[in-house]
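Chemist: As a plain string of letters, each chain reads:
Number of protein chains: 2
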Amino acid sequence: MTDPSATPPDHRPDRRPGGRTARVRAQVLDAVRAELAEGGHEGLTMEGVATRAGVHRATVYRRWRDVGGLLVDLIAAAGEIEWQPPDTGSLRGDLTALNQEIQQSLVVRPSFAVALMAVSFHSEQAAQAQRKLWADRYAQCAVLVERAAERGELPSPVPLHTDARSLLIAATAPIYHQLVLLHDDPDPGLPERAAEAAVSAAVAGAFSVARESGG
Amino acid sequence: MTDPSATPPDHRPDRRPGGRTARVRAQVLDAVRAELAEGGHEGLTMEGVATRAGVHRATVYRRWRDVGGLLVDLIAAAGEIEWQPPDTGSLRGDLTALNQEIQQSLVVRPSFAVALMAVSFHSEQAAQAQRKLWADRYAQCAVLVERAAERGELPSPVPLHTDARSLLIAATAPIYHQLVLLHDDPDPGLPERAAEAAVSAAVAGAFSVARESGG
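Chains as they are written, first to last, in numbering that gives the first Met the number 0: chain A, 0 to 214; chain B, 0 to 214.
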């Protein structure tokens, strides 16, 4: 949900973090981001990435095999970034901050987030990797809903609880809809309004589910 | 918001509806839909469309000029289809029916609706045409909100009213989010739950705006 500009470490145990392998990966993934941003996924080639990264083509082929491998690793790298969900003291504030962060990542030009979504229409491998990234981010954001329930901001009659994923989708979907699907100009008030609407619905019990069947 | 499978009439005054010109347009646009569904927009060529349609290439070039022209006319044709928003007697029922129709259009394989969205990431011409189609559909659906207000289902203290577009986006965005951006499996209960959540938020006043500034 955030634009991954940091360089993720290489987690494989046989490779020293910060060593040559990690540097090559950082150079190659930076090149993939730049190529995607400039030409979209149609323009992405192993040769173009190797040239831009200043890395031997043979290395790129050996380690990532094909363009699909590059995209999957790029999405994996986004998932490795240290990301903390907002903690403003209220659910409305947290969801507004989350929406502002999403809006920013979609509005920046070129948007790496939009390029990834465009790619996932055409590559099943990229779509799967992206699905996993989203699932991780929703799981991380469940704490927003837990904290709100503890503060008494949400209805919590046992055995019901608020389904975090449904609430998070309701809160964030209008931002993506407006910017990614409608290709509309960003609306500075939308992050807060969409957060507020989702909180209203949650307070009214719209996302309440039985504790057994909920996630 | 619906899968345009009907053949739209040619509205230009100098061409008799149902005549040869309209037949050629129908054949060509059917071929574009089939090519898009099979190979996405990357596989779309003037030659492929002409061959599949059984129409002379010169005719296709003269009338649509390039692939961008084909896509724009395809989206225009979707906007020409007679489409009526649902009228079930309640806002919740109307939005549920609308969401079911959207879900159906996104789930069907191949999905013309998804293909168009994928194309609009890469073609500014297609994105603009699609933006106009969405604007028309939201305008058509405003009647759902007006009828609900007349039935007393929504808060309507003068000078406030419910902003139809914001309510419609909140109600429908989770369906697109789930199916188009998350690439998740369809959830048969989602159309109703998303409709219900949006109605709860609307009743709580989340989409109320001053009558002067509202659309």
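Careful, some of the hints might be misleading.
Claimed, not checked - To give an idea of the chain B side of the interface with chain A (calculated C-beta under 7 angstroms), a few residues:
#1 R136
#2 Y137
#3 A138
#4 A203
Claimed, not checked - Cβ-to-Cβ under 7 angstroms is the rule here; a few derived chain A residues that face chain B:
#5 A148
#6 A169
#7 Y175
#8 L180
Keep in mind that the hints were calculated from the coordinates and are not lab data.
Every residue, glycine too, gets a C-beta built ideally from N, C-alpha and C.
Chemist: Could you check the structure against the hints above and give me the numbers of any it violates, in ascending order?
Modeler: 1, 2, 3 and 5
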